[in-house]
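For reference, the chains in residue letters:
Number of protein chains: 2
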Amino acid sequence: MYKLSTSILQNRLFSSNNILKYYYSTSIPKGFKTGTYACGLKKSGASDICVIFSEKECNASAVFTENKVRAAPVLLSKSLLEQFNCSGFQSMVINSGGANACTGEQGMKNAETMSNLSAKLLKSKQPSVVMSTGIIGQQLDMKKVEKGIEEAVKSLGNDWTLAAKAIMTTDKVHKLYQKSVKLSDGKEVNISGICKGAGMIHPNMATMLCIICTDADVAKEPLKQALKHSVHYSFNSINVDGDMSTNDTVCVYANGMAGNKQISSTSSEDFNRFQSALRETAEELSKMIVRDAEGATKFVSVVVRGANSESDAKVICNSIATSSLVKTAMYGEDGNWGRVLAAVGYSGIHVVPNKISMWFSKGNGQNIGIGQKNDQDTCIQLLKDGQPIPLSSGDDKSAKLLSNKDIGIIVDLGLGQSTHTMWTCDLTVGYVEANSHYRT
Amino acid sequence: MYKLSTSILQNRLFSSNNILKYYYSTSIPKGFKTGTYACGLKKSGASDICVIFSEKECNASAVFTENKVRAAPVLLSKSLLEQFNCSGFQSMVINSGGANACTGEQGMKNAETMSNLSAKLLKSKQPSVVMSTGIIGQQLDMKKVEKGIEEAVKSLGNDWTLAAKAIMTTDKVHKLYQKSVKLSDGKEVNISGICKGAGMIHPNMATMLCIICTDADVAKEPLKQALKHSVHYSFNSINVDGDMSTNDTVCVYANGMAGNKQISSTSSEDFNRFQSALRETAEELSKMIVRDAEGATKFVSVVVRGANSESDAKVICNSIATSSLVKTAMYGEDGNWGRVLAAVGYSGIHVVPNKISMWFSKGNGQNIGIGQKNDQDTCIQLLKDGQPIPLSSGDDKSAKLLSNKDIGIIVDLGLGQSTHTMWTCDLTVGYVEANSHYRT
Chain H
1183 MYKLSTSILQ NRLFSSNNIL KYYYSTSIPK GFKTGTYACG LKKSGASDIC VIFSEKECNA
1243 SAVFTENKVR AAPVLLSKSL LEQFNCSGFQ SMVINSGGAN ACTGEQGMKN AETMSNLSAK
1303 LLKSKQPSVV MSTGIIGQQL DMKKVEKGIE EAVKSLGNDW TLAAKAIMTT DKVHKLYQKS
1363 VKLSDGKEVN ISGICKGAGM IHPNMATMLC IICTDADVAK EPLKQALKHS VHYSFNSINV
1423 DGDMSTNDTV CVYANGMAGN KQISSTSSED FNRFQSALRE TAEELSKMIV RDAEGATKFV
1483 SVVVRGANSE SDAKVICNSI ATSSLVKTAM YGEDGNWGRV LAAVGYSGIH VVPNKISMWF
1543 SKGNGQNIGI GQKNDQDTCI QLLKDGQPIP LSSGDDKSAK LLSNKDIGII VDLGLGQSTH
1603 TMWTCDLTVG YVEANSHYRT
Chain A
1183 MYKLSTSILQ NRLFSSNNIL KYYYSTSIPK GFKTGTYACG LKKSGASDIC VIFSEKECNA
1243 SAVFTENKVR AAPVLLSKSL LEQFNCSGFQ SMVINSGGAN ACTGEQGMKN AETMSNLSAK
1303 LLKSKQPSVV MSTGIIGQQL DMKKVEKGIE EAVKSLGNDW TLAAKAIMTT DKVHKLYQKS
1363 VKLSDGKEVN ISGICKGAGM IHPNMATMLC IICTDADVAK EPLKQALKHS VHYSFNSINV
1423 DGDMSTNDTV CVYANGMAGN KQISSTSSED FNRFQSALRE TAEELSKMIV RDAEGATKFV
1483 SVVVRGANSE SDAKVICNSI ATSSLVKTAM YGEDGNWGRV LAAVGYSGIH VVPNKISMWF
1543 SKGNGQNIGI GQKNDQDTCI QLLKDGQPIP LSSGDDKSAK LLSNKDIGII VDLGLGQSTH
1603 TMWTCDLTVG YVEANSHYRT
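Protein chains in written order, with the working numbering: chain H, 1183 to 1622; chain A, 1183 to 1622.
Hints are not guaranteed to be accurate.
You can't tell identical chains apart in this list, so a pair holds if it fits in one copy or across any two.
What the hints assert, rightly or not - With a straight-line Cα cutoff of 35 Å, these simulated DSBU-like cross-link-like pairs (lysine-lysine) come out: (1) Lys1364 <-> Lys1291; (2) Lys1402 <-> Lys1260; (3) Lys1587 <-> Lys1402; (4) Lys1582 <-> Lys1354; (5) Lys1544 <-> Lys1260; (6) Lys1587 <-> Lys1307; (7) Lys1544 <-> Lys1443; (8) Lys1354 <-> Lys1579; (9) Lys1537 <-> Lys1566; (10) Lys1537 <-> Lys1305; (11) Lys1325 <-> Lys1537; (12) Lys1354 <-> Lys1336.
By construction, these hints were calculated from the structure, which means they are not laboratory data. On a predicted model such as this, the values are computed, not experimentally measured, just so you know.
Bound-form chain H, shown alone (with noise of 0.2 Å):
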C-alpha cells in the first residue's frame, strides 16, 4: 500500500532517521492526469512544463505571495480565480525556467497565453492557472513555451512524479506526497501534492510552487477554509533565510471524482478529515523544501509553547527561526542559548523574562519539557523560570545532542496555553557560497 519515495534518499538531510516518514500512497485521486514535456528552458535539458488535466470541473483555491512585487502568473491566476468564482477549473499549466517576473505588459500577455494554449489543447471548459519558476526579469522565450506546452498535452498520464521534476529549478530531489482518508461514507478519498523550493534561497528563481490535487467532492468554502488552514501550518511556518519571492503559489484543486457525500461545511467530521490530510500532506512538503535548503545541515524545529495566543508563539517561532545567529549556532553545534533567549526578547511579543524556560532537543522536541521525566539523551534544560540552569558538563551535553540532524529548540513562555511550531534548517558556509556564487 505505501512505497518509500527514492527521491528522498538523495540528498544528505533526507537520510535522517525521520525517512520513514517520507512514504506515500500509491493511491492517487481518480480523473487527474499529468503531462510534461523539456522544451529547452532549461539549459540542462531536464522538463520544464508541466500541465495538470482533470477530467471532471474542479473547485478551486489559492493562496499567493504577500509580496507587493507580483508575476505574471500570480497577477493572472488570482484574476481568473475571482472572475469564475473558484469553480469550473479543468486545467493547470506550469513552467520552470524563467519566472515571467518584472516582465511588463509583454510578461502578462505570454502568461494569457499559456492559460488559453493549455486550456484549448486540453478542452477545459476554462483558461488554465499559471505558474512559472526561474530566473527574474527575462521573457519567456514563447515559441519554446508553445511547442511544449503541445508536447505536454500530448503526454498526459498518471505519473506525479514527472510532474513533481518537471517544476524543479534548484532543488536537488522532487517533492512528492500522496495521502488517502476514508471519510465516514466509508469513500476514500485520494491528495496527490507536489511542490518546488530550496528554501527561499532564491528570490531570482522565483521560489514555491505548490499543487495539490484530490478527487475529495468539496464544497469552494470547506475548500478554502482547509487550504488557509494547512498553509498556516506548513509554508507559512517555515524558513530558510526570510525571503519571500514573487512568484509563491500554493493551488489546490478537487475534482470531487471520490464520490463522497459532498463536504459542504466547515463544522463536519468529514471535514476534519480532509482538511488534516490536506493539512499532513501540505506539512510533509514544506518540510521537503527545508531539508533540501542550500547548504542545510540540520533540519531544526523550534517549539513555542506557554504563549498567550497561537499568533504570539508564531511571531516568536519566526524570531528565533530567522535569527542568523541561532541558525549559525545550530550549524557549529553550539549550545548558546542566549541567542534564542535574545531573539524571543526582541521578538516584539510581550514575554516575562523569569517566566521563560528552555530546552534544546533532538528530534522534533513536541513532548520535552512537559511532564513527563525527560532523558538528558533526549533533550537538556538550560532554563528555567529565566535563571540560567548550572551546567557541570553541560556544553558536552548540549554538543552531543546538537550533533543529530534532527534537532528541537523548545521555549516554553510561562504565560498561558497556546503553542507554535515552526521548522528551518541552519545557516552555513555552504548557504553562503551557494548564494554568493550562484551567479559567476
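Given chain H's structure and the hints, the job is docking chain A onto it.
Only chain A this time, still in chain H's reference frame:
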C-alpha cells in the same frame, strides 16, 4: 586641529577610500575625565573597567534596547534616569567581560553595587549610570569588579582612547569620535563619543554600548530630542544581522562647562548646530560598528528614495539591509537586483512595481539617480520604472562596481519625496565561521 585615529587602520574595511572621514578633533569636552583598569574579567587581561566622571553635574539622556529581555544594568540605569529626572549625574561605570544579563536578583544587586561604589569613590552626587557587556547568564565576579572600580577611579585622566578600549569585547578596533562645533555666541562646544559593538553578531556578548559626553550647556528636553534624532539616523539605521541584544544602551551626558548660552529649546539655530554635531558623532560611530562586523568585506549603503514617508523608506531600507540573499550577493559581487526587488516587495510597505527604479553604485550612493548624468564607472542603472534595463555587458559592469569595498544600493520608489539611508555589510563565509564556531 584634526588627527587621524590610528585604530582605524587595523581593520580591512577601515582601510578603504573613506578613511579620511575618520579623523577627529583633539578638542575634548571640558570637565570630563575617564579612568580604566584591567580587573581580570577578560581572559585576555585587557582592560575591562571604565569610569567616567564630570566635575559638574550633567543633564543626561539615554536610549535603551527594545528587547523585552533586559540586563540588570539596563533596568537599573533606566530607573536611575527616571528617579533623578535626567539631571544631576556626574559619573558612569562600564564593564566588559560580562553582560550581567539573565542573572536575577543577584545581578541587580551587583549592578547597584557598581553604581553606588563608583559614585562614592568619585564623590558623585548621585549613583552612576551602569553598563555591562560580555557573556550572558553568568554572575560578575564582584571582587574583581570592585577592585577594578577602585583602581579605575585612581587612574582618571583625559585619554578617551583608553576608555574606548576598555569597553571592547569582540571588537577588532576601538571606536572613538570627537567633534567640536561653534555656536552663535562664538563658544565652541565639544563632543566625545565612544562605542563598542562588532555588529549585532554576539547577543551573548551583549552587544552595543555608546557613551557620549559633551560640555555643551543643553537643557533636558532638547538633549533628549537631539539624542533621539541622532540614534534614529545612526544606531537604529545600521544592520549586521538583524539580531538585537539585551544590553544595548546609548547614553549622553552634558555638563555645560563650555559656557555657551544654554540651548533651551528645540527651535533655535544653536539646537540645530548641536543636534547636527551629535548626529554626526553617532553616525560615524555606528558606521564604525558596521565596518568592524565579523567577517564583513563590504560596507553597503542602502538608499531608498521617492517614498511616501520617511518611515516607509526606513522599513524598506531595513528589509533590503537584512536580506540574507542581498547580503550574500554583495559578498559575491553579484549584480543580482532581483533579490533587492524581492526585498522591497515583501517589506509590507505599499509600492507600485512599475514605478520602481534601481541602481548599484560605488561609494555611498547619495547622489545617484537624481538629475545629474551618472558616470557608468560610478553607478549602473538596473531597473527603470519597474522594467529591467537590457544589459549587453551589464553584468560585467555590475561586478566591477561591486568589487569596491564601499558600495551603494539605491532604490527610487517613484511615489513621493521621502528618503532614508541605512548602512549594512555583506554576509560572508567568515561571518558564519565566526558565529558557528565561536564557543567551540
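| Is it within a copy, between copies, both, or neither that the alpha carbon of Lys1582 lies no farther than 35 Å from that of Lys1354? | both (29 Å within a copy, 32 Å between copies)
query: When no copy is specified for Lys1354 and Lys1579, does a C-alpha distance of 35 Å or less occur within a copy, between copies, both, or neither?
result: For Lys1354 and Lys1579, both the intra-copy (33 Å) and inter-copy (32 Å) Cα distances are at most 35 Å.
Point to revise | Identical-chain pair category, Lys1587 with Lys1307, by Cα at 35 Å | key: neither (48 Å within a copy, 57 Å between copies)
First find the shortest C-alpha distance between Lys1402 and Lys1260 inside one copy, then the shortest across copies, and answer within, between, both or neither for a cut-off of 35 Å. Within. Shortest intra-copy distance 15 Å satisfies the 35 Å Cα cut-off; inter-copy 55 Å does not.
Next item on the list: Tell me, please, which holds for Lys1325 and Lys1537 at an alpha-carbon limit of 35 Å: within, between, both or neither?
Entry: So Lys1325 and Lys1537 pass the 35 Å test across copies only (30 Å; inside, 63 Å).
* Asked: Are the CA atoms of Lys1537 and Lys1305 at most 35 Å apart within a copy, between copies, both, or neither?
  -> neither (62 Å within a copy, 39 Å between copies)
Within, between, both or neither, where Lys1537 and Lys1566 count as close if Cα-Cα is 35 Å or less = within (8 Å within a copy, 52 Å between copies)
- Could you figure out if Lys1354 and Lys1336 sit no more than 35 Å apart (CA to CA) within one copy, between two copies, both or neither? Only inside one copy: Lys1354 and Lys1336 sit 27 Å apart there, 64 Å across copies, limit 35 Å.
Within, between, both or neither: Lys1544, Lys1260 at alpha-carbon 35 Å = neither (41 Å within a copy, 40 Å between copies)
* Given identical chains, is Lys1587 near Lys1402, meaning Cα to Cα at most 35 Å, within a copy, between copies, both, or neither? -> neither (40 Å within a copy, 55 Å between copies)
- [ ] Indicate which option fits the pair Lys1544, Lys1443 if close means a Cα-Cα distance not exceeding 35 Å: within, between, both or neither.
- [x] Neither way: Lys1544 and Lys1443 sit 43 Å apart in one copy and 65 Å across, limit 35 Å.
How do Lys1364 and Lys1291 come out at 35 Å by Cα distance, when the copy is not named: within, between, both, or neither? Neither, since 43 Å and 63 Å both go past 35 Å.
Hints 1, 3, 5, 6, 7 and 10 from the earlier list are contradicted by this structure; the remaining hints agree with it.
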